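*Asks:* With the hints as constraints, model all of the structure from the sequences given.
For the sequence shown, our numbering gives the first residue as 419, with consecutive numbering after it.
Read the hints as simulated data drawn from the structure, not as lab findings.
Warning: the hint list may mix true and false statements.
Computed beta-carbon distance windows for the label pairs [stated by the list, open to error]:
hint : residue 1 : residue 2 : range
1    : 419       : 588       : 47 to 57 Å
2    : 533       : 490       : 21 to 31 Å
3    : 551       : 433       : 48 to 58 Å
4    : 581       : 423       : 39 to 49 Å
Since we're looking at a predicted model, the values are computed, not measured.
All residues carry an ideal CB built from backbone N, CA and C; glycine is no exception.
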Amino acid sequence: RARVRRDPRHFLSLCAQLDCTPDIWALHDWSVWITPFSRPGGRRFETTFFLCCLNEPPPVFPDLVEVVDCQWSSPSEAIERLISKEILLAPPQFYEIRRLGNFASLSDLHKFSLDRESEGTERWMPIILLTADGMIHLLPGDEMYLEDANFLENCMSTEKKTEEIMNEGLCQHKTRVPYNVGENKGLECKGTYLLEDNLSEELTYMGICRSHP
Numbered sequence: 419r420a421r422v423r424r425d426p427r428h429f430l431s432l433c434a435q436l437d438c439t440p441d442i443w444a445l446h447d448w449s450v451w452i453t454p455f456s457r458p459g460g461r462r463f464e465t466t467f468f469l470c471c472l473n474e475p476p477p478v479f480p481d482l483v484e485v486v487d488c489q490w491s492s493p494s495e496a497i498e499r500l501i502s503k504e505i506l507l508a509p510p511q512f513y514e515i516r517r518l519g520n521f522a523s524l525s526d527l528h529k530f531s532l533d534r535e536s537e538g539t540e541r542w543m544p545i546i547l548l549t550a551d552g553m554i555h556l557l558p559g560d561e562m563y564l565e566d567a568n569f570l571e572n573c574m575s576t577e578k579k580t581e582e583i584m585n586e587g588l589c590q591h592k593t594r595v596p597y598n599v600g601e602n603k604g605l606e607c608k609g610t611y612l613l614e615d616n617l618s619e620e621l622t623y624m625g626i627c628r629s630h631p
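*Replies:* In structure tokens form, the structure reads like this:
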């Protein structure tokens, strides 16, 4: 693992030595997120999420560098632990876990991922809206979202309070931050659209990452 981290080309040598082939065909494109602008010079990333449906959890060995621990949990359990401050989820992870909770079974989730795979994925870059008492992430489709978001070099701001922003507008797609008391606002809906956490008997892999300064 250390050799592969230093030089990714060693991964092919590792596969040859173990006489194995990574099952990359089991991975399905799920979503792509770009880090929102927060401050000049701040680090930003483009992160792709992949979906892999398994019948049984495989053995996992954290690298103790970025991922220091791991566990299996349902979407509802993950959200409960987030609200109780047992774990920390970045806004994209919070949003995607809530999406997983929309499916009644793992087979439904797998079928959906296969059916939509040919459509590809869109890159989402949240826009940070600073309110009088907090922060909101605006997502594509929200009526406050700027179409030229890729060129936005400043955070948006308002003198209104977070609760007021979260409850106004006909076309809403936003997430409240801090997200330990967050809620997703449904796309093109009035009021709050809380996603269902029905995937209670299925497992979702979660990596717990060490914070970096």
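*Asks:* Hints first: check each against the structure and report whether it holds.
*Replies:* Evaluation of the provided hints:
| no. | hint | result |
| --- | --- | --- |
| 1 | 419 - 588: 47 to 57 Å | holds (51 Å) |
| 2 | 533 - 490: 21 to 31 Å | holds (25 Å) |
| 3 | 551 - 433: 48 to 58 Å | holds (52 Å) |
| 4 | 581 - 423: 39 to 49 Å | holds (45 Å) |
No hint from the list above goes unmet by this structure.
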